[in-house]
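Enquirer: Sequence:
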Amino acid sequence: MARVTLWLHLTSLAAYFGATLAFVLVMLPTVERIESHEERLRVLAAMLRRLNPLLIGVLGVLVMTGAFSLTAYKARLRGEFFTRIGEPLTLKLVLAFFFINGVTYVAFGLAHRIVRAVEWGDPVPPERLASMVRRMRAGSIVNLALAAWIVWVALAIPAGAAAP
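Quick note: the sequence shown uses our numbering, first residue 3, plus one each step.
It should be emphasised that the hints constitute simulated quantities derived from the structure, not laboratory data.
Beta carbons are placed, not taken as given, at the ideal position from N, Cα and C, and that holds for glycine.
It is possible that some hints are incorrect.
If you anchor each label on the Cβ, the simulated ranges turn out as follows [as the list claims (entries may be wrong)]:
no., residue 1, residue 2, range
1, Ala158, Glu40, 46 to 56 Å
2, Arg52, Tyr107, 48 to 58 Å
3, Ile58, Trp122, 12 to 22 Å
4, Ile36, Arg78, 49 to 59 Å
5, Ala48, Leu72, 19 to 29 Å
Required output: the full structure, derived from the provided sequences and hints.
Expert: Quick look at the structure:
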């Protein structure tokens with residue numbers, strides 16, 4: 003079971019990195035090259051309609067598989083849990099907190115609002131759309147940096163630290 007959990011965790015992490023990099027490096031530049039504001043808004047909403055569930059789903063899998071693994075480690079190590087991995091784990095969990103909030107902000111705070119505005123026929127002025135795109139790009143880049151930092155911290159946990 004531990005291998006399946008690890009596989010799901012790593013696959014979800016790879017899916018997050020890939021989807022977010024594609025969003026920042028491919029999707030947003032493509033949308034920004036579209037001349038018509040209405041067409042730009044329609045295309046962006048169509049992309050986000052598919053990207054948002056992926057990002058939120060992957061985030062959920064990351065959180066749950068991380069929690070499952072942590073519970074198993076704690077059960078095996080008992081009293082030595084914090085002695086062996088407490089310091090890097092604390093940093094990893096603090097970073098994960100900011101990462102979760104950052105991904106949620108981009109997906110629900112910005113992207114979802116664009117999708118809903120298009121679906122409900124609400125106007126999105128060009129300057130407001132440009133501002134939201136800038137914030138989605140910046141937020142996604144910060145989230146990628148946080149995810150990379152979390153991976154780096156996880157790799158800093160000594161090999162075998164979770165072994166009994």
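Enquirer: For each hint, tell me whether it holds in the structure or not.
Expert: Hints, verified against the model:
1. Ala158 and Glu40 have their C-beta atoms about 49 Å apart, which keeps the hinted 46 to 56 Å range intact.
2. Range check, Arg52 to Tyr107: about 19 Å between beta-carbon atoms, so the 48 to 58 Å window is missed.
3. Evaluation of the 12 to 22 Å hint for Ile58 and Trp122 yields a pass: the beta carbon distance comes to about 20 Å.
4. With their beta carbons about 54 Å apart, Ile36 and Arg78 fall inside the hinted range of 49 to 59 Å.
5. Between Ala48 and Leu72 the CB atoms are about 38 Å apart, so this pair departs from the stated range of 19 to 29 Å.
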